[in-house]
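**Q** With chain A fixed as given, assemble chains B and C onto it according to the hints.
Protein chains in written order, with my numbering: chain A, 1 to 263; chain B, 1001 to 1856; chain C, 2001 to 2088.
To be clear, the hints were calculated from the coordinates, so they are not data collected in a lab. All values reported here derive from a predicted model rather than from experimental measurement. Cβ atoms here follow ideal geometry from the backbone N, Cα and C, with glycine treated the same way.
Footprint (simulated), chain A over chain B, 3 or more residues, beta carbon under 8 angstroms:
id : segment
1  : 1339 to 1346
2  : 1349 to 1362
3  : 1506 to 1516
Cross-link-like lysine-lysine pairs, in silico, DSSO-like; alpha carbons within 30 angstroms at most:
id : chain 1 : residue 1 : chain 2 : residue 2
4  : B       : Lys-1425  : B       : Lys-1536
5  : B       : Lys-1536  : A       : Lys-69
6  : B       : Lys-1433  : A       : Lys-55
7  : B       : Lys-1294  : A       : Lys-55
8  : A       : Lys-55    : A       : Lys-69
9  : A       : Lys-69    : B       : Lys-1294
10 : C       : Lys-2004  : B       : Lys-1744
Residues on chain B that point at chain A, a partial pick, calculated with CB under 8 angstroms:
id : residue
11 : Pro-1142
12 : Asp-1193
13 : Tyr-1235
14 : Pro-1249
15 : Ile-1372
16 : Ala-1383
17 : Tyr-1532
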Amino acid sequence: MAGIMVTLTAVVFPLHGGDVRAPSAVFNQIFEVFLLLGTAVGVVVVAYTMYHALKYRDDGSEEDPYADKVERPEMGEMPTGGTGGRKVFYSFSISAIIVVSLIAWTYSQLLYIEQGPDPAQEEALEIDVEGYRFGWDFIYPNGHTTNTLRVPQDRVVRLRVTSTDVFHNFGIPELRVKTDAVPGQHTSAWFTANETGTYTAKCYELCGSGHSLMTTEVIVMPQDEYENWYAETEGPTETETAANETGGGDHQIAPATVGGAPA
Amino acid sequence: MSQEHEHGLPPKSSVSRWFLTTNHKDIGVLYLITALFFLLFGGVLALLFRLELITSGADLLGSMGYNQAVSTHGLLMVFWFISPFAFGFANYLVPLQIGADDLAFPRLNALSYWLYLFSGILMGVSFFQGTTFAGGWTMYAPLNTPAYIPGEGLGATSVVLALIMFTAAVTLGSVNFLTTMYRMRAEGLRMRDIPIFSLSINLTVWMMLFAFAALLAALMILASDHILGTTYFQYSIDGTTMATDADNPGASLLWAHLFWFFGHPEVYIVFFPALGVMAECFQTFTGRRLVGRKWFIISMVLVALQSFVVWMHHMFLTGINLPIKTIFMATTIGISLPFDLMVFSLIYTMAKGRVRFTTPFLFSLGALILFIIGGITGVFLGAIVLDYQFRGTYWVVAHFHYVMVSGATALFGGLYYWYPKITGKMYNQTLGKIQFGVYFLGFNLLYFPMFLAWETPRRVFVYPEGLQIWHSMATVGGFVLGASFLIMFYNLFVSLWRGEDVGPNPWEYATSAEWAVSSPPALENFPGVPSYATGKLEFLDDETVAERTEGTPGAAAHGHAATDGGTATDGGAVTARAAATATAMEPAHEVGGEEHASHASFWPFLVSLAGFVTFLGLSGVRTGSVFYLSLATVGGIGTFGSLLGMTREPFHAPEMAIAERWPFERVEKMKLGMWTFLASDIVLFGAFIGSYAFVRVAYGWTAWHHDLIPAEHVTMPGLINTYLLLTSSFLVVIAMVAAERESKRGTVAALVGTFALGVGFLINKGLEWQHLFHIHTEAFPNGWNLSTNIASSTFYLTTGLHGAHVTIGLIICAYMTVRAWNGAYQGDDRAIEYFGLYWHFVDIVWLFLFPLFYIL
Amino acid sequence: MDWKGYTVIYVVLFAFATAQAVVEFTGLVDSAYWVAFALIMVLSVVKAVGVAAYYQHLRWEPRAVTYLVLGGTVAALALTGAAAYSIL
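Extracted from the complex, chain A is given alone in its bound form:
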C-alpha cells in the first residue's frame, strides 16, 4: 500500500494521504501510556507510603509492639542501617523495570521522530524558519518569505530552523513539533497535518520583552488551495510556477541552498 502511494505521488505530488504517522500521534500515544502508568504508580506508591505511616504510628502505648522484632536506635550509637533491606530491593527492582522498559519502548519512537517517515517519502516540503525578536520568517523553496506558515494538508513538512538574533524555540503545540532556534546553528524538525485549519506557533524560549507575544499563525490548507497560493508567490528564480509545483521534487532536492547559505 505504502509502496504504491510512493510511486504515484513521486510522479504527481508527494502527498501521503494520511498514512504517515504524525508526530502528534506518536506523542499522544506515549503521553497517554505515561499518564496512565504514572498515575497508577503514583497512587500506589503514595498510598503505600501513607499506609506505612499510619499503620506504624505510635499509639502512645507504653509498650513497644515490635520490641521483639526490631531494635530501637539509641543516643550516641554509631549510625547503622535498620533491618528489612530486602523489601527495598524488591520494590526498587519493580520500579527500575517499569522505568527502563518505558523509556526503552519510547526510544524506537524517538528514532522515528528523529529520522522522519520512510526515506522513500522524503520528498517533503522543506521550509526554512528564521526566528527574530519577535516573530518568524518562513522561507519557501522558491525564496518566498512570509510571516504566516502555510502548509498543505497530508504532506510531510520539514523545517530547518535558526535564529537571526537570540535563542528562540519554535513550536506548534497542536501539531507536536518543536525545535530550538539557535543563532549560528540549524536544527530541524518535521511534522505533518492531517486536518486543515489554523494553528498557532509559539516561541518557547525567553527572548526578551516581546517573548509572550511571539506567536504566529500556521494555516494548514487543502493541497489544491495550497498549490494555488504557492503558485501566486514570488520567488527570485520563479518563472513558471505551476510546472514548478507539480514538478514536486525538483526544487526540493537541494533545498539547503535556498533561503540561506549552508551552515
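**A** Chains B and C alone, transformed into the frame defined by chain A:
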C-alpha cells in the same frame, strides 16, 4: 570543659558579636536568617507574577517587569535561598555531628557567609540600576549579553557579578567543608559512619566544588563579555545579525553547555541536603534506623557521580547529534534509579516503627510524597519524544517545583527539627502542624494545576482562555503557600521568648551527637573530645587525650598537640606546629606564643564589603562614569588592604588531637585545603579551555587558525614564557630545599628569583599583547584586540585569567619573600610548599595554554 | 627529593618545551596537523604529570590526593569532550 571562654567574642546579645564571629554555630544561624530573608524576597516576586498571571496579559508588571520578576525569582530561590538555607544547617550541624569543635577554617567560613550576604545585596542593588537581569534564571546566550539588554544593562551586569561573588563564597565553603570532614571526624567515625545528614552534605560539597567551578568559568566569561568586550556569547561581532555565516556559531550552545554542566549537579546540590534532613527525621520519628542505609549511601554516591554526565538532557532540542542524545538519555534514566531506591528505603524505614506525627515529621513525609510526584513526572521528561514537547512548558515548571520545593519542604522540616537545638526552646506543635496543613494545601494548589495547564509556554504572561481556571487556582495556591509562612515566622519568633526550655534532646530516638550536648551547645561544642572508638559516643577527658597522644605520634597528626597542658580540645590552645591561617589562597604563617588567640575577626566582613564595592563599581565601568570608576578603585584598594589585614591577623584553629582522617591522614589541613581548592581551579581552567575547544570546533578547528589569527601571533613569546615559568617553578622547590636546610639566604634568593621570573613573564606577555593590539595588516587593519573576533577573545581572556593567577601568586610570593627575609620558614618549609602547589599549578596550566594558543 | 633530583626534572621539562616548539619550526604543524597535534599534546601531558608528580610531590602524597586532582581533571575533560562531540 575545664574553662569557659568565648574566644574573645562579645556575647550573643551584642550586635558586634554577629559581625565578628567565626563560630560555625553563629554563622549557621546567620545563614538561616539571611536565607529566609531571600525566601521572602524571591517569594514576594513570585506572588507578584502569580498575581499577574491570575488573568492573561501583562497589565500589572508590564512585559519587562514580568521578565525581571520571573528571572530574579528563579535566581534568588535557587542560589540565595535554598542552598544557603541548607548550608545554615550544615554549618551548625556538621561539626556537631562528626565531633569537631568548628570547621577547619573558621575565618574562611565567616568570609563565605559575608560574601554570600553581600552578593545578595548586590543582587538587590541591581533592581535600582535601571532594570535588573531579565533573561531567565538559565541566562541563555546571547540574550544575556549587553547587545540584547535594553538600556545600559548595568543591572544585568550587577547580577552576573553578584553570582560570581556568590560562587566565590560557595567555593570557599566547599573547600572548608571537605577539609573539615576529612580531617576532623571523631575517632572511630569512618566516612560511611557519619550521620546521614552530614554525609549528604559531604556529597553536596563535592558536587559544589566541581559544578560551581564550571559556573564560575561561565560567569567570568559572561562578565568579560559585559565589561571587557570579549565576544564569547555573541555569535556575530559587528552588530549586525548574521545567522548563517556567523563568526562564532558556537556562542549560544557554549553557554548552554557550561550552564547545564553546572545546572544539573545543582539540582542535586539543592536536593541532597534535603534528602539528608528527611532521612534524619525519618529515623528519629519512626524510631527505626534507616533501612538499607548502606545502599542509600551508595545511591547518593552514584547520583553525585552521575550528576556530571546528564547535563545535555536539558539540550535535547538544540541540534546535538543523536548518539550523544542517546547516551544522555541513558545516563538520565540511570540517575533516576538510585532515587527510587532511596524513596523505598525511606518508606520501609517506617515499617515496624513508632511513627510520631510531629511537625518535623509531617514536613518530611510531605516532602517525600511531593518528591514522589516530582520524580514520576520527571520520568516523563526522560522520554525524549515527550521531552521535545514539554520543552519550555509548564510541565517543566511544575515538575521542577515539585522536586525543588519538596526539597525546601524537607528543609523546613529540618528547621522544626533543629530549632530546639539551636534556640533551646520548643515551639508550639499545634501551630506547626497547622502550618504544615496550610503549606501542603497551598503547595499543591499552586503547583498541581500547572501540570493541567502544561501547554502554557514558560515565562509568558499570555495564555489561552481555557487555561485560565488553572492559572487562577495556582495564584490562589501561591498566596495560601505564602500565608503559611506567616504562621511559621510567628510561631518560631514568639517561641524564642515564650517557648518551653528543652533539654539536650527533645526527640525520642534521636541518636546523632548534636543531641548529646546542651541546647544550644556550648561554644566549643563538646564537654571533652568526642570518640566512637568503642562503637558508642564518648567524651574523652583531657588527661586521656594527653596520655593517648603522648609517645604515640602516629596516633594523631601532631604528636605534641596535647602536651601543652592538655587544652587542645577547647580550640583555643596553640601549639607550635598546629598554626595555620584560615585562607586557602594564602600560605600558612606562624606567629607562635599566643595563648587563647581570639576567634573574633572583623576582616571577613571587611573583605566582603570591599569586594561588594568593587563589584558594584565594575558593573558600571564600561559607561566611563566617574562614580563607578571611583567605586571600583576604592573597592579594589579596600579588598587588597583587608585581605592583607586578614593575612596578618593572628588566628589559630589547631587540628584536633585525635581524629579520624581517612583517606587524608598524612595530609595536613592547610595542604588538603589547598589541594581541594586547586581541584576546583582545575575545573575552572578546564572549563575555559573547554570553551575554547568548543567554539573552535563550532567554527571549524583547522580553519580557525587561518581565518582568525594574525600571522604576527607567533610562537616565540609563548616559548619564552614557558621557559620563565618552568624556571620559576624550579626555584620554588629550591626555596623549599633551602628552607629545609635552614639557609635563610638561599630561601630568600630563590623566592626573589621566582618573583623576578614571574614579573618577567608578565612583562613579556604585556609586550606581546601591546604588539598584537596595534598590528596593522590587511586582515586586521585595526589591530587584534579583545573584541576583534572569537579567537582573539579566547586568547586574551584565557591567558588573561592565567596572568591573573600569576599576579596573585606574585603578591603571595612578595609577601613570603619579606617574611623569609625576616627569618621565617627556616626548618619548616610547609608554607613554601603550599605556595608551591599553587605556583606549580599555574605552571601546569601554562603548559597547556602554550601549545593550544601558540602552536596549534 | 633533594635539589639534584629537582634539577634533573627541570632539565627534562625544559627540553620537552623546546621539543614542542621544534615540532612547529619543522613545519609538521602545517604538513601533518593532527600528528603534530597529538605529539605536542602528549608532550604537554608528560610535562604536566612531571610537575605534578615531582614538584607538587603527588608521588609521595597519599593516592587520595591524586584522585582528588584526577576528579577535577576528568570533570573538565568530560565537559570539553562531550560538548565538542555533541556538535560534530
